[in-house]
Amino acid sequence: MSSNKKYWKSEAELNPNDSIVEALKQNEFVQEIPVEDFLGNKEGLASSSTNRRDFLKYVGFSTAAATMAACEGPVVKSIPYVVQPDQIIPGVANYYATTIADGFDFASVLVKTREGRPIKIENNTDAKVNGSANARVQASVLSLYDSKRLQGPLAKGEAVEWSALDAAVKSKLSALKGADKQIALLTQTYASPSTSRLIAEFKSVYGENVNHVTYDAISADAALNAFEEKYGERALADYNFEKAELIVSFGADFLGDWQGGGYDSGYAAGRVPKNGKMSRHIQFEANMSLTGANADKRVLLTPTQQKVALAKFYAKVMNVSVGGELPVNIEKAVLAAAEEFKKAKGKAVVVTGLDDKDAQAVVLAINEKQASVAFDARAPKYVRQGNAKAVAKLLADMKAGKVGALIMDGVNPAYTMPNAGEFTDALAKVDLSVVFSQSNNETVAVASYAAAAPNYLESWGDVQIKKGHYALMQPTIKEIFDTRQFQSSLLVWMGSDKTYYDYIKETWSSSILGDGKWNQALHDGVYKAPSTIIDVVEETVASVVSEEESIVSSLVDLSMAASKLSKASSSGMELALYSKVGMGDGQQANNPWLQEFPDPITRVSWDNYVTISKADAEKLELVNDHVANGGLDGSKVNLKVGDVELKAVPVIIQPGQAPGSVGLSFGYGRKAGLQAEMQTGVNAYALYQGGVSNQSVSVSKAEGMHEFACVQLHKTLMGRGDIIKETTLEIFNTKDHAEWNPVPKVSLNHNEVDAVSVSLWDDFDRSVGHHFNLSIDLNACTGCGACVIACHAENNVPVVGKDEVRKSRDMHWLRIDRYYSSEDTFEGDNVKKDEFDGLTGDKGSLGGFGELEDPSANPQVAFQPVMCQHCNHAPCETVCPVAATSHSRQGQNHMAYNRCVGTRYCANNCPYKVRRFNWFLYNNNDEFNYHMNNDLGKMVINPDVNVRSRGVMEKCSMCIQMTQKSILDAKRDGRTVKDSEFQTACSAACSSGAMVFGDVNDKESEVAELKESNRMYHLLEHIGTKPNVFYHVKVRNTQES
Amino acid sequence: MKKVLYRNQLSKFLGVNLIAAMLFSVSLFSQSENADPAKGKQIFNQNCASCHALDRKGTGPALRNVESRLEEEGLDREWIYAWVKNSSGVIKSGDSYANKIFAEYNNTAMTAFPTLSNGDIDNILAYTAAVEEKPAASAAVPASGDVSGGSSSGVSNEVILGALALVFALLVAMLFMVNKTLRNIAKANGIDVEREKAEKRIPIWKAFVQNQFLVLVSVIFLLLTSAYFVYGYFMQVGVDQGYEPVQPIHFSHKVHAGDNKVDCKYCHSSARVSKTSGIPSLNVCMNCHKSIYEYKGNPEGPSQSDIENGYTNEFYTKEIKKLYAAVGWDEENQKYTGESKPVEWVRIHNLPDFVYFNHSQHVSVAGVECQTCHGPIEEMEIVSQHAPLTMGWCINCHRETNVKMEGNAYYDKIHEELSKKYGVEKLTAAMQGGLECGKCHY
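As you go down the protein sequences, you meet chains A and B in turn. When we follow my numbering, the leftmost residue of the first sequence carries the number 1, and every step to the right adds one. When we follow my numbering, the leftmost residue of the second sequence carries the number 1, and every step to the right adds one.
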């Protein structure tokens, strides 16, 4: 029977009178092709002096000429130094210890330089605090080579000399001396002893009307106020999570950027089961944060509920009573946590990320009362100093015309202030405004003078990250542009002829170093002042004893605070603003590495978005769809907080998002001074009213769909328990490892044998020399992604851009897979899968697998870094037609790029999907206008690693350039290689100790010991690839004590 | 008559001069009878030459006839003894001339030589006072004339060849004319000069075409030969063996490494520790060339071929001046001007970017001589690429060369295990995995 169905090619066909339809019936193209014009003009053709034969001759000749010319090699010039600096040997890397302190990230790091160019950031293992570089700090070396940087001082957008700027500023400052109007300094948090001294001196030169205001884009004002009230100092309590056996967090993303971050290494150290013990972590939160993803127990609460829950928690721990309403199951969870907390005594610690002074005060009180060993208020941290009240006052003064000069450094208020428009208007009333900035940002556009500031890798500086823990910042390259740092400028304006370097040295020798040596401190990058610490401790102990009574009185205040908390309520949806691991506060928005860095939780790159729970999404009819080319599309919403509305914000449906809440990250939506490709996302600061990250919001659906670049579309593990093996601490402690870490079995001669004992291939003798293995502990891995950026920097991995990532053509050699459970736990998934019975029915696999694809509303989360597994029996090697990939006796799977012809058969045959294909030429190509397309950006390229070309397969090399270098160094010195010398970029970047690299033939090595651990397993062990990367079974501490 | 007269006058004049000169020299030597200028020269070269020259300002003043000059200042030999043995002492004593000299030479104190005896100093002074010898050889060779002479001999060769060709052509023309004339004579005499008719044979090419086997064989032969040449052509694409570019400064490795036996790694010091051998920075050149401001030729004198190529002393001295210009060295005042122009050398040995090669691995660890890969560099006036630098060339060496393992603690265990495995005492790089792709390609 023939069908009468009619197929429409386009909407236009529905209209029978449409001219296009008619035209298309007659012609192939709607528009007329000017064939007639061209060929019809016989005269024109005939009179043309070039006929077909000539044309062919020219083609032939030019092809031949080009071919001949190509045979001639290019002349390469080598230009040596005229006077070679002593420390520089071409081809040998130098390392310098320095410190990043950009107001958001504070970390002591080592900078690797080659021929005077910084090319990589590494952890400073000598540093006791903040010695680890997160993803942003790892990427900061590329921001140094940002071609969009401010290249010299500007006056109203026009280039100007420093002398002119100095003259203008000096005359204005002297005019303001002793006048009514303020000289205001609006700066980032420095935590710098020298800068503090300098600003004090500046005040003494220009009088009392100098007003220094510190402003943090993402504020910790509440925590600072609470701490200041209790301890009399504007600082933040420090936490050592390694010592804690129980961690309870109310919305504190302490593995992210909570209170300046830097807590992941301590946390991870406590998470690895040792002697049958590991810490237990309970997280109460709204957004799915990195911290929540690592928790043993995660409870979903909206920010308002968190306040109530914290009040109840406080009441239970302190044995007082407070009111407040909570859903029954949440209340139960809170009380259970409080019960556990009381039992754990001094080994427990509680933290909160709520932007509420009461909440912060309550937390400080609980930790103090509990005498928590993980809590340190005596040597606090200074990494956030912003004062919201002072900023508001300054803004009011500016509006009232009371500010004569405003000097800004390290801040971009025209972008980060929620009332940026108001700030811009107020700035117009200031006579002179100078902003120090690296980029041509929003504030530069409105200030009267823009002073080009150097990157931290070009500057001098000092930081006191934690009381008694000092760090030095030193330049690792001469200023690339005509820049001058804020502190040097202050010195010039004060009429001093000192350099800031001399000034720091002076500060250090007079008040910091004591017996210590300056050169040693500069070499180490960090300096710990032992005596001051002891003094402080004694002092505080004394004061605590004497203030016994005041504590009693403060208890009354606290119960007031708690009851205030318990009365928190809100109507409608709540917004929880957060900072992304990749973007932070948005300073480095023009950094392509960070833009392409996939968020550890959502795995989305090149965007920010609203995260919403599935229940709320269904209510608002919001969807996430996969489209035919493999991309992810999402609905859009309008967000309205108060009078401010953000329109058409894309939506990601986030498993584990608390119903009734939505999340949105800072740092995106910047336009000024950014390359077109990097102008992604929306500006969440517009909703950050009053510097409070929790707002009540109304969400409504907007038209259209947004195209995401998401690198992982499949969200769940589908019950494949052999990919991420995990168990509970209870089972781990009590049962044999064959039960919780079973080796897969296969049938051989009708007997069940271990899968690893059967192989198609003969084994190669790897007992001689080195045999490299990489160990990844799933317990210690927090998913922070520092390794991903470190790998990028070390191995010249190209940036491919949003469109290519969307087509799954991302080039990351190392990815961190994130899996959700479909049931409440992964174990639940495994059980469900095992119990499938038949195709249909209740336990039918047909529907069952479909159900397994959906993540749970509050899933368990697991992270798994996956790079080339360097299989001893590698499936990729056997299928390469040109033997471009082959195995070495050192355990590394080699990839000879120059041999590869790009059949991609290897990628096809790789069970781990870790091979990456260069679909295009990503360097020197205008289509990929990222750092490899300009001379400045190319300075970051590692000269020891090849830059791959189009049509070539690439993959993780296990940093063979680093292992070969370690071997060569040892050979040259005539010694054996020390265990700690073998590193890969990822293992060196891993501050949590999850990744350990080394030589398993060296029986003394750490990795050899880890390989013998009963937690060790290989990924997809049953296929017999015998990888040289192995994982450790994840253990969760689920037992409620 | 007149001529004779002149000759007499001339000889008389010469005679007087000669006597005067002899007297003068005698008077010089008479100052210290037993001082030996030859010994003095030796001591001078050992101790003084790095800062002083005879006729030229160095770090210190020129020293020819220093004593007589000092005498004009009213300073005697005792003063010289004191100065040489401890110059800073003399300066401190407030001696006005000493302080003047000290100030004139940038407040650089002269190294004290307390070990030199008065006799040694006498010898040195004798040397500085001796009459300048004119180097005969170098004066005899005209600098620029030689270059043009060399090239003019090339031109004359061409002229000779041209003339020969012309003569040959004339001969052929004459032969042809003679032949023609003879025929004409024969014709006139009625003699038949027709050749005897040869027996009709198949032309050889036809015979060849008819023999199919021969055609087949020769076609195969032709194809194989052309394939051989085509293959040979393609295999040399990108191989720059023998590449000998002209460098901005004519730096002669022959003079430095060959004649003067400067160690390769004195200049290419980073070859010991780095992947690159490093082109020396210009400050390294100046370590020696601050005092070596002119080329004096090698001891045996310039060879014939050198002279033919124009490698004269003046030529080399000019190249040293190029160095001074590049590094910004003001010879007159013995100062750096600070205006430098980095030298753009043309790189000779170019490995492709996808190859990792480390000099220190080969030089420091393996102890490979530079010449193994770079050829007889000490004989190269202009450096050329000696080795093909192809992968086959690398691999061959890795296959054949035994790794130097003795006395290197790194290799102890590996050597023991590997020699057990392969049953040999000596191990090649290949046995250690030196042929694996990833050892050089990453």
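Bear in mind the hints are in silico, worked out from the structure with no lab data behind them. Treat the hints with care, as some may be off.
Derived SDA-like pairs (lysine to any residue); straight-line CA-CA distance at most 25 angstroms [claimed, not checked]:
#	chain 1	residue 1	chain 2	residue 2
1	B	K426	A	K77
2	B	K413	A	D969
3	A	K77	B	K421
4	B	K275	A	Y905
5	B	K413	A	G974
6	B	K341	A	Q87
7	A	K978	B	Q432
8	B	K335	A	Y81
9	A	K965	B	T225
10	B	K421	A	F849
11	B	K439	A	Y905
No experiment lies behind these values; they were computed from the predicted model shown.
Right, here's what the structure says about each hint:
For the proposed pair K426 (chain B) and K77 (chain A), the alpha carbon gap of about 41 angstroms is over 25 angstroms, so the pair is violated. Distance hint between K413 (chain B) and D969 (chain A) is fulfilled; the C-alpha atoms sit about 17 angstroms from each other, no more than 25 angstroms. A C-alpha spacing of about 47 angstroms is found between K77 (chain A) and K421 (chain B), which places the hinted pair above 25 angstroms, so the restraint is violated. Between K275 (chain B) and Y905 (chain A) the CA atoms are separated by roughly 34 angstroms; this puts the pair beyond 25 angstroms, and the hint is violated.
Annotation: proposed proximity of K413 (chain B) to G974 (chain A) holds, straight-line Cα distance about 12 angstroms (limit 25 angstroms). Between K341 (chain B) and Q87 (chain A), the direct Cα distance comes to roughly 22 angstroms. Compliance with the 25 angstroms bound is thereby established for this hinted pair. Simply put, K978 (chain A) and Q432 (chain B) have alpha-carbon atoms about 20 angstroms apart, close enough for the 25 angstroms limit, and the pair holds. Taken as a hint, the K335 (chain B) and Y81 (chain A) pair is honoured in the structure, with Cα atoms around 19 angstroms apart against an allowance of 25 angstroms.
For the hint pairing K965 (chain A) with T225 (chain B), the CA-to-CA distance comes to about 47 angstroms; that exceeds 25 angstroms, so the pair is violated. The suggested pairing of K421 (chain B) with F849 (chain A) is violated, with an alpha-carbon distance near 53 angstroms, which exceeds 25 angstroms. With a CA separation close to 24 angstroms, the supplied pair K439 (chain B) and Y905 (chain A) stays within the 25 angstroms bound.
Of the hints listed earlier, those the structure fails to meet are numbers 1, 3, 4, 9 and 10, in rising order.
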